[in-house]
Structure formats: C-alpha cells, structure tokens
Amino acid sequence: MEEIILSPIGTDLASRRSAGHLRQQITSNLACDKKVVFDLSSVETISESYADELFGVLAYELGLNDFVLSISFKGARPSVLFRIAESIKKRLEQQNLQDTIHDLVVARHAGTRKFSRIGA
1 MEEIILSPIG TDLASRRSAG HLRQQITSNL ACDKKVVFDL SSVETISESY
51 ADELFGVLAY ELGLNDFVLS ISFKGARPSV LFRIAESIKK RLEQQNLQDT
101 IHDLVVARHA GTRKFSRIGA
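Residue numbers for the sequence shown follow the UniProt record's numbering, beginning at 1 and rising by one.
Note that these hints are calculated values from the structure, not bench results. Incorrect hints may appear among the rest.
Here are the simulated SDA-like pairs of lysine to any residue, each with C-alpha atoms no more than 25 Å apart in a straight line [claimed, not checked]:
#, residue 1, residue 2
1, LYS90, ARG16
2, LYS34, GLY20
3, LYS89, THR27
Simulated restraints, written as ranges between beta carbons of each label pair [claimed, not checked]:
#, residue 1, residue 2, range
4, ILE5, ALA110, 22 to 32 Å
5, LYS74, HIS102, 36 to 46 Å
6, ALA85, LEU6, 12 to 22 Å
7, ILE101, VAL68, 23 to 33 Å
8, LEU81, HIS21, 16 to 26 Å
9, VAL106, ILE5, 17 to 27 Å
10, THR100, ILE5, 35 to 45 Å
Note that the Cβ used here is the ideal one computed from N, Cα and C, for glycine as well.
Take these sequences, add in the hints, and give me the full structure.
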C-alpha cells in the first residue's frame, strides 16, 4: 500500500471547515488504496471540533479497524494525540448510542404494527 504524508498547515488546528476539506482529500486518497500518515510535528494544539471533524468522522466512516490500518501519526505531541483519541472515542460512542436508539424505535414500531394487525 502506497503511503502519502500529510502535514496540516499551522501550529494551532481549530477550524471544523478546514478539517472537513482535509477529510475529503484523505477519503479520496484512501479510495485509491493509499495509507495516510499525518506528520503532526509542527502542531502545538488541536481543537476538539477539528479533531472530531477530521479524525472522529473518519473513524466512524471507515470503522475503527480500517481507520487504524489506514491512518497513522508521526511526530505528534502527547496532548495532540490525546485530543484525537478523545474525539474518536466520543464520536464512536455518540454514533453507537444513536444507532441503538434508532434500533429501539424501529423495533418498537415493528412491535406496534404487529399488535395492531392482530386486533384488525
């Protein structure tokens, strides 16, 4: 698998919009069967919104296993890695909760329809 190295511009990453644009580029590279290496050696801080929009959404879209196989980090400060890991965890927990709620609503709706048919 070919590797592409990306270095985000700036020392403080904070814009959800710029993270979204970068995520689209990454998705294109992953579709071409490339591994993405993030060189974060110049990054001093990363906001929760940036980390969520880029890494949290990618982890959800790819699935955690494929994310780990396709994305790696180089030169990142511990605080930056912690923020990324925290954002991925929150995004996956939030999505799992939403999926569970959806499944319960669908199951309840299906159960209601079954009972309404019996009485009809």
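Hint by hint, here is what the structure shows:
1. For the hint linking LYS90 to ARG16, the alpha-carbon distance of about 16 Å falls within 25 Å, and the restraint holds.
2. A C-alpha spacing of about 19 Å is found between LYS34 and GLY20, which places the hinted pair at or below 25 Å, so the restraint holds.
3. Distance check on the hinted pair: LYS89 and THR27 sit about 20 Å apart at the alpha-carbon level, within 25 Å; holds.
4. Checked against the hint of 22 to 32 Å, the pair ILE5 and ALA110 fails, with Cβ atoms roughly 49 Å apart.
5. A hinted range of 36 to 46 Å holds for the C-beta pair LYS74 and HIS102, which are about 37 Å apart.
6. Between ALA85 and LEU6 the beta carbon distance is about 18 Å. The supplied range of 12 to 22 Å therefore holds.
7. A hinted range of 23 to 33 Å for the beta carbons of ILE101 and VAL68 is consistent with their spacing of about 27 Å.
8. For LEU81 and HIS21, the hinted distance range of 16 to 26 Å is satisfied, since their beta carbons lie about 22 Å from each other.
9. Between VAL106 and ILE5 the C-beta distance comes to about 43 Å, which lies outside the given range of 17 to 27 Å.
10. In this structure the supplied range 35 to 45 Å holds for THR100 paired with ILE5, their Cβ-Cβ distance being about 38 Å.
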